[in-house]
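J.: Below are the chains, spelled out letter by letter.
Protein chains: 2
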Amino acid sequence: MNQKNCMVAQSGGPTAAINASLCGVIEGVAASEHYDTVYGSLNGITGILNDRILDLTELMSENPDYMDRLARTPAMFLGSCRCRLPDYLDDDSPYVSVFRQFERYDIGAFFYIGGNDSMDTVLKLSEYGRKIGSPVRVIGIPKTIDNDLCETDHTPGFGSAAKYIAASLLEIAHDTFIYAVNSVTIVEIMGRDAGWLTAAAALARNEYNTAPHLIYLPEVIFDPEDFLLDVKRLLYERNNVIVAVSEGIRDADGNYISASEQTHDTFGHSQLSGVGKTLEFLVKEKLGVKVRSVEINVLQRCAAHLASRTDLDEAAALGRKAVALAGEGVTASMVTIRRTSNAPYTVTYGHAEIRHIANEAKSIPPEWISPAGNDVTQPLVDYLTPLIQGESNVTYENGLPVYMDVSHLAKHP
Amino acid sequence: MNQKNCMVAQSGGPTAAINASLCGVIEGVAASEHYDTVYGSLNGITGILNDRILDLTELMSENPDYMDRLARTPAMFLGSCRCRLPDYLDDDSPYVSVFRQFERYDIGAFFYIGGNDSMDTVLKLSEYGRKIGSPVRVIGIPKTIDNDLCETDHTPGFGSAAKYIAASLLEIAHDTFIYAVNSVTIVEIMGRDAGWLTAAAALARNEYNTAPHLIYLPEVIFDPEDFLLDVKRLLYERNNVIVAVSEGIRDADGNYISASEQTHDTFGHSQLSGVGKTLEFLVKEKLGVKVRSVEINVLQRCAAHLASRTDLDEAAALGRKAVALAGEGVTASMVTIRRTSNAPYTVTYGHAEIRHIANEAKSIPPEWISPAGNDVTQPLVDYLTPLIQGESNVTYENGLPVYMDVSHLAKHP
Chain A
120 MNQKNCMVAQ SGGPTAAINA SLCGVIEGVA ASEHYDTVYG SLNGITGILN DRILDLTELM
180 SENPDYMDRL ARTPAMFLGS CRCRLPDYLD DDSPYVSVFR QFERYDIGAF FYIGGNDSMD
240 TVLKLSEYGR KIGSPVRVIG IPKTIDNDLC ETDHTPGFGS AAKYIAASLL EIAHDTFIYA
300 VNSVTIVEIM GRDAGWLTAA AALARNEYNT APHLIYLPEV IFDPEDFLLD VKRLLYERNN
360 VIVAVSEGIR DADGNYISAS EQTHDTFGHS QLSGVGKTLE FLVKEKLGVK VRSVEINVLQ
420 RCAAHLASRT DLDEAAALGR KAVALAGEGV TASMVTIRRT SNAPYTVTYG HAEIRHIANE
480 AKSIPPEWIS PAGNDVTQPL VDYLTPLIQG ESNVTYENGL PVYMDVSHLA KHP
Chain B
120 MNQKNCMVAQ SGGPTAAINA SLCGVIEGVA ASEHYDTVYG SLNGITGILN DRILDLTELM
180 SENPDYMDRL ARTPAMFLGS CRCRLPDYLD DDSPYVSVFR QFERYDIGAF FYIGGNDSMD
240 TVLKLSEYGR KIGSPVRVIG IPKTIDNDLC ETDHTPGFGS AAKYIAASLL EIAHDTFIYA
300 VNSVTIVEIM GRDAGWLTAA AALARNEYNT APHLIYLPEV IFDPEDFLLD VKRLLYERNN
360 VIVAVSEGIR DADGNYISAS EQTHDTFGHS QLSGVGKTLE FLVKEKLGVK VRSVEINVLQ
420 RCAAHLASRT DLDEAAALGR KAVALAGEGV TASMVTIRRT SNAPYTVTYG HAEIRHIANE
480 AKSIPPEWIS PAGNDVTQPL VDYLTPLIQG ESNVTYENGL PVYMDVSHLA KHP
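Chains as they are written, first to last, in my numbering: chain A, 120 to 532; chain B, 120 to 532.
Just to be clear, a hint being listed does not mean it is correct.
Copies of the same chain look alike in the list, so a pair counts if it fits in one copy or across any two.
[Unchecked claim] Once the Cα atoms are required to be at most 27 Å apart in a straight line, the calculated DSS-like pairs of lysine-lysine come out as:
{"no.": "1", "residue 1": "Lys243", "residue 2": "Lys481"}
{"no.": "2", "residue 1": "Lys530", "residue 2": "Lys405"}
{"no.": "3", "residue 1": "Lys530", "residue 2": "Lys403"}
{"no.": "4", "residue 1": "Lys351", "residue 2": "Lys409"}
{"no.": "5", "residue 1": "Lys250", "residue 2": "Lys405"}
{"no.": "6", "residue 1": "Lys351", "residue 2": "Lys530"}
{"no.": "7", "residue 1": "Lys403", "residue 2": "Lys351"}
{"no.": "8", "residue 1": "Lys481", "residue 2": "Lys405"}
{"no.": "9", "residue 1": "Lys405", "residue 2": "Lys351"}
{"no.": "10", "residue 1": "Lys409", "residue 2": "Lys481"}
{"no.": "11", "residue 1": "Lys530", "residue 2": "Lys409"}
Derived by calculation from the structure, the hints in this document are not laboratory data.
Whole structure, please, built from the sequences with the hints as guidance.
T.: As structure tokens, then:
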């Protein structure tokens with residue numbers, strides 16, 4: 120059989136599991152009777168356009184440790200881009216270039232690992248491909264810490280971020296419980312439109328820790344008066360109140376809860392503050408209690424040393440599944456996870472048509488949010504729990520995690 | 120021999136290693152021929168005053184796993200306080216109460232695990248004890264992520280915080296390198312007066328990662344013009360510039376680099392911003408480049424899942440050493456670490472008089488800072504490297520690290 124090659128690229132924001140999917144694709148190609156070599160395009164589809172292409176099959180044969188190391192390296196080994204293709208009816212020039220490159224590299228299948236915007240690219244490339252009668256199969260592999268893609272039970276990258284958030288909340292709880300004076304801690308978590316990541320804070324609760332004591336999601340209208348009453352009530356019962364809040368909460372008028380006016384710092388610049396700082400100042404002013412805010416920063420998406428084993432394994436399995444499906448002739452699709460049982464946790468891998476996924480978003484269903492809108496319900500906890508199970512087999516050298524060399528992403532002349 | 124008992128308490132800010140020192144004290148007492156039971160005072164010395172005392176010898180005998188679990192639990196198992204004793208010449212009432220409790224519990228030695236303020240308490244208690252002719256030995260056990268205590272090569276808690284900071288910087292570098300457009304990332308690190316923690320960011324550098332590309336310490340006057348020139352120069356060479364900056368940097372007039380004027384948020388409150396946000400806005404305005412700031416938050420002092428083995432081992436050794444010294448009659452002292460060799464790294468444990476330590480602080484020596492004041496030198500890297508070696512043997516259950524139950528710190532009726 121005349122074997123074709125594959126091309127793979129990564130796009131969107133970083134996760135701790137996106138390279139595990141890349142490993143899955145490399146493994147899938149190595150095991151496939153349909154495909155020979157897998158090429159990686161640097162910085163998403165722009166690498167195809169600029170001909171910045173790595174031979175991944177060759178690279179991975181250089182060192183037997185590379186596959187393992189790659190799977191646990193955070194962010195994109197191939198780099199990313201924030202590139203939205205134009206409608207090909209308006210401007211087909213990038214499409215012409217991409218498919219010319221596919222021909223040049225004798226590509227039979229293209230895999231794009233990414234989130235919502237990347238699935239839009241998968242949709243557009245597959246539509247254009249169909250129009251020109253290209254035999255190249257185009258398949259999306261989901262990846263987003265936000266867990267907001269449709270047609271899949273959850274998305275790779277989410278479980279690791281959820282694990283990091285839950286562990287951080289638990290450690291912040293230990294940090295907070297030490298003082299015998301009233302205090303409020305506001306923890307700001309990513310997720311502009313969907314509250315999945317903020318909800319994961321609930322996993323920090325155990326037999327001795329009831330924090331976070333309040334959870335505010337973007338799915339619920341945020342009322343500052345209700346919030347202050349919630350905090351005040353809890354301060355009667357306990358010294359330390361810990362609040363998990365999504366960066367994306369909004370008031371009844373749809374405005375984000377954040378600093379809306381301008382200030383001037385040392386150098387005379389205007390500044391804006393996020394929701395954590397804003398609620399910190401609200402509590403300080405209205406309740407007069409010791410308060411601090413903590414922003415769980417970019418580490419929630421790149422702290423690969425605390426990745427979820429379940430997440431890494433599923434991400435890799437989806438990469439392999441995408442290659443297998445392409446070999447069977449599937450195109451214009453995204454690979455998906457279907458949960459077949461919660462206890463014991465089991466999943467199967469499948470695929471869905473990309474046109475049902477691109478440009479859609481999945482929020483937390485109302486029944487998984489407490490009636491008061493300040494917590495999550497047990498079914499949501501049951502949904503989340505399996506996703507953070509197991510640990511990454513991190514190797515440490517000289518005191519730090521060992522990741523893949525990414526110097527190929529450095530500025531090129 | 121008539122065995123006396125011991126009392127131990129913890130004070131100041133959290134670290135990942137402070138409970139390892141507590142374990143060392145418990146082990147030391149168990150192995151001692153001088154001492155019988157070790158009592159833990161809750162919330163620093165205030166627990167002695169309020170009679171909130173745990174029998175640690177009994178508690179640890181309940182479960183064979185407790186010692187291991189305690190050693191890797193972050194923050195204070197016994198809780199903390201921010202309590203500065205008055206001069207006993209002005210008001211001796213707390214002193215009278217404390218030494219009355221020592222008699223009641225038949226205490227022969229008191230150990231206080233903490234930082235600068237706690238060593239002030241050790242000094243005052245030992246001076247008062249000497250005045251009244253008390254036989255109770257009073258010994259401080261150092262603990263601070265700031266590494267700013269004198270008379271000891273370094274302080275327990277620092278190595279774990281340094282490891283967390285270096286690992287975070289490396290992961291942020293991976294997160295940053297993925298985009299092929301110019302960007303600046305400002306990473307704000309704790310340390311108001313000494314730059315040891317910020318300097319630890321340099322440990323993230325390896326064969327492929329040169330970040331952080333600039334390091335600004337509180338030991339050096341910060342000049343915004345020089346900073347902008349530094350960043351601009353680096354942006355010619357590379358796409359992504361990562362800057363590590365101490366929260367405590369100041370300008371030539373001694374003013375902290377932070378928002379100095381007031382703003383109004385959604386709810387009409389005034390807000391202040393830290394150095395990270397301030398430099399972010401400076402870069403955005405003056406260089407017009409994509410820029411973000413990341414605050415390495417309280418997790419740098421409580422992320423016990425990434426503690427340094429070296430740090431935990433030394434913290435425990437100092438706890439045991441303190442008990443041994445008390446048995447030999449030493450008092451009014453703090454246990455210390457002396458580095459006897461850098462490669463291989465070896466240390467010995469000793470003690471120093473508390474009057475040389477309390478209320479003093481140790482900064483980074485000028486020769487360990489680059490002449491341009493925007494980086495550290497190799498000898499500082501060599502000093503730091505051994506302190507982050509080795510990992511904590513974290514146990515995970517249900518996806519999260521297993522720590523000691525701290526519900527005894529909850530509000531009491």
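J.: Confirm or reject each hint.
T.: The hints, checked one at a time:
For a Cα distance limit of 27 Å, the shortest separation of lysine 243 from lysine 481 inside one copy, 21 Å, qualifies, whereas the shortest one across copies, 61 Å, does not. Within a single copy, lysine 530 and lysine 405 get their C-alpha atoms only as close as 50 Å, which misses the 27 Å cut-off; across copies the closest is 23 Å, which meets it. For a Cα distance limit of 27 Å, the shortest separation of lysine 530 from lysine 403 across copies, 21 Å, qualifies, whereas the shortest one inside one copy, 46 Å, does not. Taking CA atoms no more than 27 Å apart as the test, lysine 351 paired with lysine 409 passes inside one copy only; the shortest distance there is 13 Å, against 40 Å between copies.
Taking identical chains as interchangeable, the C-alpha atoms of lysine 250 and lysine 405 are never at most 27 Å apart, the minima being 62 Å within one chain and 48 Å between chains. For the identical chains of this complex, lysine 351 and lysine 530 are inter-copy neighbours only, at 15 Å across copies versus 52 Å inside a copy, given an alpha-carbon limit of 27 Å. Taking CA atoms no more than 27 Å apart as the test, lysine 403 paired with lysine 351 passes inside one copy only; the shortest distance there is 12 Å, against 39 Å between copies. With identical chains, the CA atoms of lysine 481 and lysine 405 are never at most 27 Å apart, being 35 Å at best within one copy and 39 Å at best between copies.
Taking the closest pair of Cα atoms, lysine 405 and lysine 351 come within 27 Å of each other only inside a single copy of the chain (10 Å); across copies the shortest separation is 43 Å, beyond that limit. Taking the shortest Cα distances, lysine 409 and lysine 481 never come within 27 Å of each other, neither inside one copy (37 Å) nor across copies (29 Å). With identical chains, the CA atoms of lysine 530 and lysine 409 are at most 27 Å apart between copies only, with a shortest distance of 16 Å across copies and 46 Å within one.
In this structure, the earlier hints numbered 5, 8 and 10 are contradicted, and the remaining ones agree with it.
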